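Asks: As they're listed, the protein sequences go chains P and A. Our numbering puts the first residue of the first sequence at 8, with every later residue one more than the last. Our numbering puts the first residue of the second sequence at 362, with every later residue one more than the last.
Be aware that one or more of the hints could be misleading.
No farther apart than 25 Å at their CA atoms in a straight line, the calculated lysine-lysine pairs in the DSS-like style are these [unchecked claim]:
| hint | chain 1 | residue 1 | chain 2 | residue 2 |
| --- | --- | --- | --- | --- |
| 1 | A | K638 | A | K673 |
| 2 | P | K59 | A | K673 |
| 3 | P | K59 | A | K638 |
| 4 | A | K675 | A | K645 |
| 5 | A | K398 | A | K675 |
| 6 | A | K637 | A | K398 |
These aren't lab readings, by the way, just hints derived from the structure by calculation. Computed from a prediction, not measured in an experiment: that's the story for all the values here.
Chain residues, written in single-letter form:
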Amino acid sequence: MISDEQIRVTVARELRVPLELLQPDTVLYSLPGFDSVQLLMLMVALDEMGVKMPTADAASLRTFADILVLERV
Amino acid sequence: MPRAALTAIHHCLPARRLTEAELEARFGAKNVQSIAKLSGIRERRIVEPGMTAADLAYSAADRLLTTRNIPRESIDLLIVTTQTGDYQIPGTSYVLHERLRLSKNCAAYDLNQGCAAYPYALALAQGLFATGIAHRALVLNTDALSGVIHPQDRTLVTLHGDGAVASLLDTATGDEGLLGFHFGTDSSGWRYLCMPASGARQPRNESTRQEIADETGVVRTAEHFQMNGQAIFHFAIHQVPEVVRAAMEKFHVTIADLDLVILHQANRFMIEQIYKKLGVPPEKQFFYLENVGNLSGAATPATLSEAVRQGKVKPGALVLLAAFGVGLSWGVALLRVGSDGLPLIAASTDLSLTDLPNSP
């Protein structure tokens, strides 16, 4: 089972931000240097690690908490 | 049962180029380079003021018919797909029917379809061939989205170009032709690609002209085309491989049987992800977006047309076309090229305003 910490590390790596910036209520767009392209790369990385994301959830992805609640396989 | 076969194809692009340098001045180098790295798009072709999608379609069709010496009265079916027609009423097919001097015995259809337009148009034509209604068809896929994208919407301006493709279909005489189709729709996502104030549901007024910036700094109004990029990207890399696999199973073919797999040219990273999931080897892949952009409903046939121009479509080739987008919709078509191959129509694909003496 994928842990919250594994997800945090992946998100931090793909969005190129320090781990400590990722709190549940962190708005991804507000992160320093945020780039919408990085978000697409993050979606691919999450998919490859086994985080399942329906298209409707992808459409409304906004905060770190939105990622943490996704189903994991 | 009569079957339609593709016997000629030609595409037309506006001569005006929208370069990275122009976009970097508008959006900043970092934003533009970041998007370009993912999209693989370095330059787009967009219409000049006064030029429309119908002009591009006219030019593509006129060159095809003239070069191939096709008698205009021999065409008994015209299908035009566009989301950026000349008028709300009438359909663009009627405008083009007149400009192309087609016969009164030629049926004219408009198909409001986006990026999946080509398989849909081919299937409609195939149905009319099969029922004996049509014997020679002209299919025109054209879009000029640059006119409905807000100039400050960097997520769309950087990706989209304008273009048109003319395809000539004749009755198959051998094993060539349109061999199979597979379609589907996930209408739960229609809002992800939408121009809200563009019809009867939301009439245009002062409020629909208000510019709104979202959290990422993208600016647009309700009168402009809008895309939820995250949703579309997710849809494409998850749904499209499944759809193509289902289509191949239905057609009883595998990747090994195919000579070319052509996908809608939304962005290079997305296409690569789909090719990777399907296991399509590099020699069966083809890209046509780096210097033209995403041509929306014209993208898939333009890619086929360019592959023909580059000699990548051999006589007898088995080609799979997969297109997806607005709706959300998808379509897959399987076609076999005739033993004589597809002819090169014209060296130039460019269109300038001065080339259009006949625009109404």
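Asks: Run every hint past the structure and note whether it holds.
Replies: Hint-by-hint comparison with the structure:
1. A hinted pair counts as satisfied when its Cα atoms are at most 25 Å apart, and A:K638 with A:K673 qualifies at roughly 23 Å.
2. Restraint check: the Cα-Cα separation between P:K59 and A:K673 comes to about 38 Å, which exceeds 25 Å; the hinted pair is violated.
3. In summary, the hint linking P:K59 to A:K638 is supported, as the alpha carbons are separated by about 16 Å, within the 25 Å threshold.
4. Proximity of A:K675 to A:K645 is assessed by CA-CA distance (about 12 Å); at most 25 Å being required, the pair is judged to hold.
5. Taken as a hint, the A:K398 and A:K675 pair is broken in the structure, with Cα atoms around 31 Å apart against an allowance of 25 Å.
6. Using a Cα cut-off of 25 Å, the hinted pair A:K637 and A:K398 holds, with the two alpha carbons roughly 18 Å apart.
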